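Sequence lines, in order, name chains D and P. When we follow our numbering, the leftmost residue of the first sequence carries the number -14, and every step to the right adds one. When we follow our numbering, the leftmost residue of the second sequence carries the number -14, and every step to the right adds one.
Possibly wrong hints are sitting among the right ones.
Which copy? The list can't say, so a pair holds if one copy fits it or any two copies do.
Said to hold, decoys possible - Think about it this way: if two alpha-carbon atoms lie no more than 25 Å apart in a straight line, the pair counts; the simulated SDA-like pairs of lysine to any residue are:
id, residue 1, residue 2
1, Lys192, Arg159
2, Lys275, Leu132
3, Lys14, Gln240
4, Lys192, Glu62
5, Lys14, Arg323
6, Lys75, Gly221
7, Lys18, Val222
8, Lys15, Pro157
9, Lys75, Leu220
10, Lys14, Ser49
11, Lys18, Pro157
12, Lys75, Ala214
13, Lys14, Arg78
14, Lys15, Ala345
15, Lys15, Lys75
16, Lys15, Thr155
17, Lys15, Glu294
18, Lys75, Glu328
19, Lys70, Phe42
20, Lys15, Val337
21, Lys70, Trp239
22, Lys70, Phe140
23, Lys18, Ala139
24, Lys189, Asp158
25, Lys319, Tyr58
26, Lys192, Leu33
27, Lys319, Pro286
I should point out that these hints are in silico values taken from the structure, not numbers from a laboratory. This structure is a prediction, so every number in the text was calculated from the model and none was measured.
2 protein chains.
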Amino acid sequence: MQVLSVELDDRSYPIYIGNSLLDQPLLVKKHVKASQVLIVTNQTIAPLYLEQTQRMFSDFNCASVILQDGECYKSLETLQLIFDKLLQEKHSRTTTLVALGGGVIGDMTGFAAACYQRGVAFIQIPTTLLAQVDSSVGGKTGVNHPLGKNMIGAFHQPSCVIIDIDTLHTLPDREYRSGLAEIIKYGLINDSVFFNWLYINIEKLLKRESDALAFAIESSCLNKARIVAEDENELGVRAVLNFGHTFGHAIESWQSYRGFLHGEAVAVGSVIASELSFQLGFLSNEENQKIRDIFLRANLPVYAPDNMESSTFIDFMQRDKKVVDGRLRLILLKSIGRAFISEDASLEQIVVAIDRCRNAS
Amino acid sequence: MQVLSVELDDRSYPIYIGNSLLDQPLLVKKHVKASQVLIVTNQTIAPLYLEQTQRMFSDFNCASVILQDGECYKSLETLQLIFDKLLQEKHSRTTTLVALGGGVIGDMTGFAAACYQRGVAFIQIPTTLLAQVDSSVGGKTGVNHPLGKNMIGAFHQPSCVIIDIDTLHTLPDREYRSGLAEIIKYGLINDSVFFNWLYINIEKLLKRESDALAFAIESSCLNKARIVAEDENELGVRAVLNFGHTFGHAIESWQSYRGFLHGEAVAVGSVIASELSFQLGFLSNEENQKIRDIFLRANLPVYAPDNMESSTFIDFMQRDKKVVDGRLRLILLKSIGRAFISEDASLEQIVVAIDRCRNAS
């Protein structure tokens, strides 16, 4: 087992990464404050891991709530079900929520914990690759609004993150690849050495080779923990983690969260952001091609949706959180491993970049 | 104009108290970050003060949303209307929300500000006595759940609080008296000198005599600011502000927020909590009677609702936020001006205190 640490003063917490962690009740014991625990999971994960997780918390007074699976359920309405359960079971301020599932479960459970009685503790047990390398670390929580993704939320750090790599064995291939998009992102924004390793080893990762996978997860979490420790509330550098996301969120919102998976949308968004970086003279043509290439080899989409107009992109992007007094704030690349925040791109240049990322066939 | 300050490091903010403040645009100018402003108010307040408030923000790009009036609308569903408006108008992270109204509007607007894009700025312009002396100061925000009051919320401090005493001229008598209950509370928990002043001057306050009213509001805000500065997130002493509230919340929840006004429920709750304090040997009989007496003279209810069983009280109280691992944590009085946190009272003793506060006639 590896233990990484997210350093945030009195809100610091450990990330445990390893195999068979769900069989280790001692791991969670010190992170639960009092007797009450509520496990929040979904209909897909419950049959696979709920019993095992309940055993992990068998020393506590442990309830559970099972939500429907999917990004389209990441809403205030679903959140209400968590509050209903907490109140029916009379959970007090010392309760601990446990998020067992992917990013949707983690974000919603974290937000419920942030708001219930104005803030209670929670533990992240991410079971998808995407949640393990991204959403479970860093304290961003929230739900979607029909007009925009993650528009309603809070910064609320977990008490610990438990990444049991074994849970990936049951992850469908498409979701697994969606997680790879966020892993590639860390190479692109912050770590050219890791990107080169990924460029060489992407096929091993696609085959879920155990050693490669463990290394990729650890490297991703390390990169994320470093950036979050520097800027917990995204006042500055943390924004680079949104590379590809403003374009990606626009696609997801436009599709009402029923089309691309999050990582797939981020893959397309990353390709567009790279193209824009190239177009504005920051990124070399060679690196731009290399980026497109690694997403293609990871079997991820690289084209903007056929029937999504560029003006629709702009419209949704202007509603995203990255708008500052009307100007679009985007994350661009100077080179692979060096992302920066930019408000330079004009709407026309953005439209051109989107249109260059369309499937010509 | 008086200016008090709530001292909370980088979250410190001023409370402006005076007449005709809604006619002073310069007051808000320095508290608005960028160009976007959203005024949140309700159907009762809008015809009275919305235009005046819009003029106050006429230098900005100012939208407004008008909600239905009443505690029963303080819900996640109503909150959604604020988010809808913010997103339709494409408000970004630099927007400023303005709460124009009573406690319900203030709590909801503050909570919307806490959650929108994970946190934006807001200004409190309380127009009821209750909001002016209590809910607008201190950063407690939130909405109700059918099973409990203020169960979903956040600590989120405003950028400033603007108390225009003139807005009280349009306040209905019953609501005005409801505010007096919270004013009396400050005397009871923290300030025996202020309580004695209130005991002498309560009739002047009932007549809304200008000087008495200004003094009562300033003294209340000062008491609140002091306690909040000491314990922003209610880890300790701040809990004394909940004197009478655990009983009061039980009544309000049981009535589905359609019976007593908040201050009326707090009045009954304060009388019960005083009776319990007397019964447990803390408070003298004389002071207990004096407390009952001042609420009676303020024309506030002092009896538990006839058809609300004591067991129902207990049931609702156990769902309140003041439960710590199953034990009821109550605020009691050692004497007038000295409140303390107690987990000593047994359920039986609580039931006796409730039953002693029933209308015998």
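Each hint, compared with the structure:
{"no.": "1", "hint": "Lys192 to Arg159", "in the structure": "within (13 Å within a copy, 71 Å between copies)"}
{"no.": "2", "hint": "Lys275 to Leu132", "in the structure": "neither (34 Å within a copy, 56 Å between copies)"}
{"no.": "3", "hint": "Lys14 to Gln240", "in the structure": "neither (41 Å within a copy, 40 Å between copies)"}
{"no.": "4", "hint": "Lys192 to Glu62", "in the structure": "neither (38 Å within a copy, 46 Å between copies)"}
{"no.": "5", "hint": "Lys14 to Arg323", "in the structure": "neither (40 Å within a copy, 39 Å between copies)"}
{"no.": "6", "hint": "Lys75 to Gly221", "in the structure": "between (40 Å within a copy, 22 Å between copies)"}
{"no.": "7", "hint": "Lys18 to Val222", "in the structure": "between (33 Å within a copy, 21 Å between copies)"}
{"no.": "8", "hint": "Lys15 to Pro157", "in the structure": "neither (33 Å within a copy, 53 Å between copies)"}
{"no.": "9", "hint": "Lys75 to Leu220", "in the structure": "between (37 Å within a copy, 20 Å between copies)"}
{"no.": "10", "hint": "Lys14 to Ser49", "in the structure": "within (18 Å within a copy, 48 Å between copies)"}
{"no.": "11", "hint": "Lys18 to Pro157", "in the structure": "neither (35 Å within a copy, 46 Å between copies)"}
{"no.": "12", "hint": "Lys75 to Ala214", "in the structure": "neither (35 Å within a copy, 30 Å between copies)"}
{"no.": "13", "hint": "Lys14 to Arg78", "in the structure": "within (18 Å within a copy, 38 Å between copies)"}
{"no.": "14", "hint": "Lys15 to Ala345", "in the structure": "neither (56 Å within a copy, 52 Å between copies)"}
{"no.": "15", "hint": "Lys15 to Lys75", "in the structure": "within (23 Å within a copy, 44 Å between copies)"}
{"no.": "16", "hint": "Lys15 to Thr155", "in the structure": "neither (28 Å within a copy, 55 Å between copies)"}
{"no.": "17", "hint": "Lys15 to Glu294", "in the structure": "neither (52 Å within a copy, 41 Å between copies)"}
{"no.": "18", "hint": "Lys75 to Glu328", "in the structure": "between (48 Å within a copy, 18 Å between copies)"}
{"no.": "19", "hint": "Lys70 to Phe42", "in the structure": "within (18 Å within a copy, 42 Å between copies)"}
{"no.": "20", "hint": "Lys15 to Val337", "in the structure": "neither (53 Å within a copy, 40 Å between copies)"}
{"no.": "21", "hint": "Lys70 to Trp239", "in the structure": "between (32 Å within a copy, 19 Å between copies)"}
{"no.": "22", "hint": "Lys70 to Phe140", "in the structure": "both (23 Å within a copy, 23 Å between copies)"}
{"no.": "23", "hint": "Lys18 to Ala139", "in the structure": "both (21 Å within a copy, 20 Å between copies)"}
{"no.": "24", "hint": "Lys189 to Asp158", "in the structure": "within (14 Å within a copy, 74 Å between copies)"}
{"no.": "25", "hint": "Lys319 to Tyr58", "in the structure": "neither (37 Å within a copy, 50 Å between copies)"}
{"no.": "26", "hint": "Lys192 to Leu33", "in the structure": "within (22 Å within a copy, 67 Å between copies)"}
{"no.": "27", "hint": "Lys319 to Pro286", "in the structure": "within (23 Å within a copy, 69 Å between copies)"}
Hints 2, 3, 4, 5, 8, 11, 12, 14, 16, 17, 20, 25 from the list above are not met by this structure, while the remaining hints are.
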